[in-house]
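K.L.:
With the sequences and hints as input, model every part of the structure.
Quick note, the sequences are listed as chains A and B, same order. Counting in the working numbering, the first sequence runs from 1 upward without gaps. Counting in the working numbering, the second sequence runs from 1 upward without gaps.
Hints are computed from structural coordinates only; laboratory data are not their basis. All C-beta atoms, glycine included, are put in the ideal place defined by N, C-alpha and C. Please note: incorrect hints may appear among the correct ones.
As the list claims (entries may be wrong) - Restricting the straight-line Cα-Cα distance to at most 25 Å, the calculated cross-link-like pairs of lysine-lysine (DSS-like) are:
1. Lys5/A with Lys57/B
2. Lys13/B with Lys42/A
3. Lys58/A with Lys57/B
4. Lys68/A with Lys57/A
To be verified - Among chain A residues calculated to face chain B with C-beta under 10 Å, some are:
5. Ala29
6. Pro44
7. Gly110
Stated by the list, open to error - Covered, in the sense of this in silico footprint (three residues per stretch, anywhere, with C-beta under 8 Å from a C-beta of chain A), are these stretches of chain B:
8. 39-45
9. 58-72
10. 81-95
11. 103-110
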Amino acid sequence: QQQVKQSPQSLIVQKGGISIINCAYENTAFDYFPWYQQFPGKGPALLIAIRPDVSEKKEGRFTISFNKSAKQFSLHIMDSQPGDSATYFCAATATNAGGTSYGKLTFGQGTILTVHP
Amino acid sequence: KAGVTQTPRYLIKTRGQQVTLSCSPISGHRSVSWYQQTPGQGLQFLFEYFSETQRNKGNFPGRFSGRQFSNSRSEMNVSTLELGDSALYLCASSFKGNSEAFFGQGTRLTVV
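P.N.:
Structure representation (structure tokens):
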């Protein structure tokens, strides 16, 4: 019940295209869903995050869509650029009333995105 | 503002040895979490410390332990190293263990 399933494992898009990565979860206690971007040799960097009270959040070229009833959420990267080539991880956590998750993020398996020039 | 700093960046150890990894969180952050990243298992939560107390623990054997100091710096220790412990060990800090966590670059541990 703690799993977060992420697809696809790898994705190749052309420059200017839209990259879409999907995640599904089972634990209904999860209430915070971040996406991380990781470049080789670096730690994951927080990209964008969403809570279940909204269905969509947009920051620049990055958009999270959230479907609470289906327990699914996705990352859309508009106008994909070669510099976006990286591994993307979705994650989920449950927080208490004070917003504390006690540090535990449950991660998807990751998607290797390659954007061709 | 300095980010999360992990030392050392790379380590090579022999089976049976022990190792200590260090993490300095972002200034003002009091929660430090540790993760193990491997190609097969992905990112897995080890434990979380807040104000020198372990508040949360993942599903790892007792060979994996940690501690946090009064300045919020944290160390994790792995005893009796096994080949399967080879991984990238990541530290993440947050203000109070809330959702927004920032990761360091990790320590690459190789057990031979």
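K.L.:
Checking each numbered hint in turn, tell me which of them this model violates, lowest number first.
P.N.:
Result: hints 3, 5, 9 break, sorted rising.
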